Amino acid sequence: MGFEVLLKGNNALRLLGGLGVAMYISMISVVISITLGIILGMLMTLKNPVINAVSRVYLEIVRIMPQMVLLFIVYFGATKILGLNLSAEVSAVIVFSFWGTAEMSDLVRGALTGIPAIQYESSMALGMNRLQTYIHVIIPQIVRRLIPLSINLITRMIKTTSLVMMIGIVEVLKVGQQIIEANRKSSPNAAFGIFATIFILYFLACYPISCLSKYLEKKWEN
Amino acid sequence: MEEILRVENLSKKYEDVDVLDGISLSVKKGEVVVIVGPSGCGKSTFLRCLNGLEDIRDGSVFLGDEKINPNKKNLSKTREKIGMVFQSYDLFPHKTILQNVTLAPIKVKKRKKAEVEEEALKLLDRVGLISKKDNYPRQLSGGQKQRVAIVRALIMHPEVLLFDEVTAALDPEMVREVLDVVLSLAKEGRTMLIVTHEMSFARAVADRVIFLDGGKIVEEGKPTDFFDNPKTDRLKKFLKTFSYEE
Ligand SMILES: Nc1ncnc2c1ncn2[C@@H]1O[C@H](COP(=O)(O)OP(=O)(O)O)[C@@H](O)[C@H]1O
Ligand SMILES: [Mg+2]
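Those protein sequences? They're chains A and B, same order as listed. Throughout, my numbering is defined as the position within the first sequence, counted from one, plus 24. Throughout, my numbering is defined as the position within the second sequence, counted from one, plus 269.
Worth flagging that the hints you see were computed from the coordinates, not collected in a lab. Some clues are possibly wrong.
Far from chain B, by Cβ distances over 12 Å, these chain A residues were calculated [unchecked claim]: (1) PHE27; (2) MET47; (3) ILE52; (4) VAL93; (5) GLN156; (6) GLN165; (7) ARG169; (8) ARG208; (9) TRP244.
On the chain B side, residues computed to face chain A include the following (Cβ under 7 Å) [said to hold, decoys possible]: (10) GLU284; (11) GLY291; (12) ASP359; (13) PHE361.
Just so we're clear, the structure is a prediction, and the values are computed from it rather than from any experiment. Ideal Cβ positions, reconstructed from N, Cα and C, are used throughout, including at glycine.
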């Protein structure tokens, strides 16, 4: 079946290391995206015309540009044209954060504007001040709407890190291909074994997160 | 009887339209005042001015000796004393029925949880909803939600209760169960201002009925006079829209 290549030398370890690089890049990007996305999303609800125009263009760019194109632009473009020497990892973090921030800000904006005005008013009519209203009434509802959606975004970001291979980061798929190449003679089925393993690795990385999201969604249905 | 709420020459504009135009009103302790008027005449706006949910342009509102609008400083303190129930369902969706009721007394009045829960259960029992205490709002019918909203206002021990068309969004068969609760509150001597389109309920519950139109009080009186002998043409015309007589 081609799984035997995993047992040769340190192939299994190299694959795991590759997954580690992918997870590392996606986790940094996730943290940046969530932080900046929350800030931008809150700014977007201020209805400032300049912020609105800029963010609309930004979201549109992210929506129509394939991430791979963005990766090439940042990695090769920045290096060649601007003379910046960005490593592949830094380029990847920039591109994934650029993308993730856009998606996150849209989620935050939606969650914020989705809370009906009557929720603020009935809370204040009960004598709660602005701070109490936010702490006990508004923020818990926003968090409940936001968490399943942002978990979904996180899993998509983890999956998309496989694109990084395109600019030469030796992450999990790349390692997989190196192993396949090196064992072409001895294990002709290596490709299947390696890609099946990679599938399982990504599944193991994303499935628990996805389960957590489903659980929270069910718990907070009301 | 002593005066509890006084409105002096209240005016409110949206853009350039006078929504409320010089309204004055004095409400005595224990009095039930029903406000009727065509849709868009400013009834909701008027109630919202009374607990400071709307800024006002001119005039003032007093609760006892305290000026409550305009007033920026102690607004939330004053709002504790004025309970309000809205037309649309406004329960907190992420909290159970019991938590909906106990949130404000615990957080705002800093009362003990156990004591508040005991009172909440009594009040829920009174409106027939004690079995729903651990349910979430989405599991309740519209009429049940409105009864919880009333309990949530009551547990703050308000001096005045404001009801803004609390049955307007309900299916007809649920209107009665909510109005019965409001009527029972009237009978125990609570001070209330009620906006409603249910004319037979208005007649039953009111000490005084007010007809609001064009941002002004056009006519007011005891329910019998108001409904049986309207004086102004505008009120006569308005009341006609509720009957099918030729
Ligand atoms: N936030 C607002 N901005 C502008 N106009 C408003 C606003 N709220 C209410 N109005 C207008 O004020 C008038 C009175 O509204 P409202 O008090 O809700 O009437 P009612 O409760 O009697 O139906 C209506 O003409 C309405 O369109
Ligand atoms: Mg209204």
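Right, here's what the structure says about each hint:
1. The beta carbon of A:PHE27 is kept farther than 12 Å from every beta carbon of chain B, the shortest such distance being approximately 48 Å.
2. Distance check for A:MET47 against chain B: the nearest CB is about 32 Å away, which clears 12 Å, and the non-interface claim stands.
3. A cut-off of 12 Å between C-beta atoms confirms that A:ILE52 is not in contact with chain B; the least separation is 32 Å.
4. Remark: the non-interface label on A:VAL93 is consistent with the geometry, its nearest Cβ contact in chain B lying 41 Å away (cut-off 12 Å).
5. The non-interface label for A:GLN156 is inconsistent with chain B: the shortest C-beta to C-beta separation is roughly 6 Å, within 12 Å.
6. For A:GLN165, the non-interface assignment is contradicted: its Cβ lies about 5 Å from the closest Cβ of chain B, within the 12 Å cut-off.
7. A:ARG169, annotated as away from the interface, has a beta carbon of chain B within 12 Å; the closest lies near 10 Å.
8. Separation of A:ARG208 from chain B is adequate, the least Cβ-Cβ distance of about 58 Å exceeding the 12 Å criterion.
9. At roughly 7 Å from the closest C-beta of chain B, the C-beta of A:TRP244 falls inside 12 Å, breaking its exclusion from the interface.
10. A least Cβ separation of about 17 Å between B:GLU284 and chain A goes past the 7 Å threshold, and the interface hint is therefore violated.
11. A least Cβ separation of about 25 Å between B:GLY291 and chain A goes past the 7 Å threshold, and the interface hint is therefore violated.
12. This hint holds: B:ASP359 has a C-beta 4 Å from the nearest C-beta of chain A, less than the 7 Å allowed.
13. Given hint, B:PHE361 at the interface with chain A, holds; its Cβ is 6 Å from that chain's nearest Cβ, closer than 7 Å.
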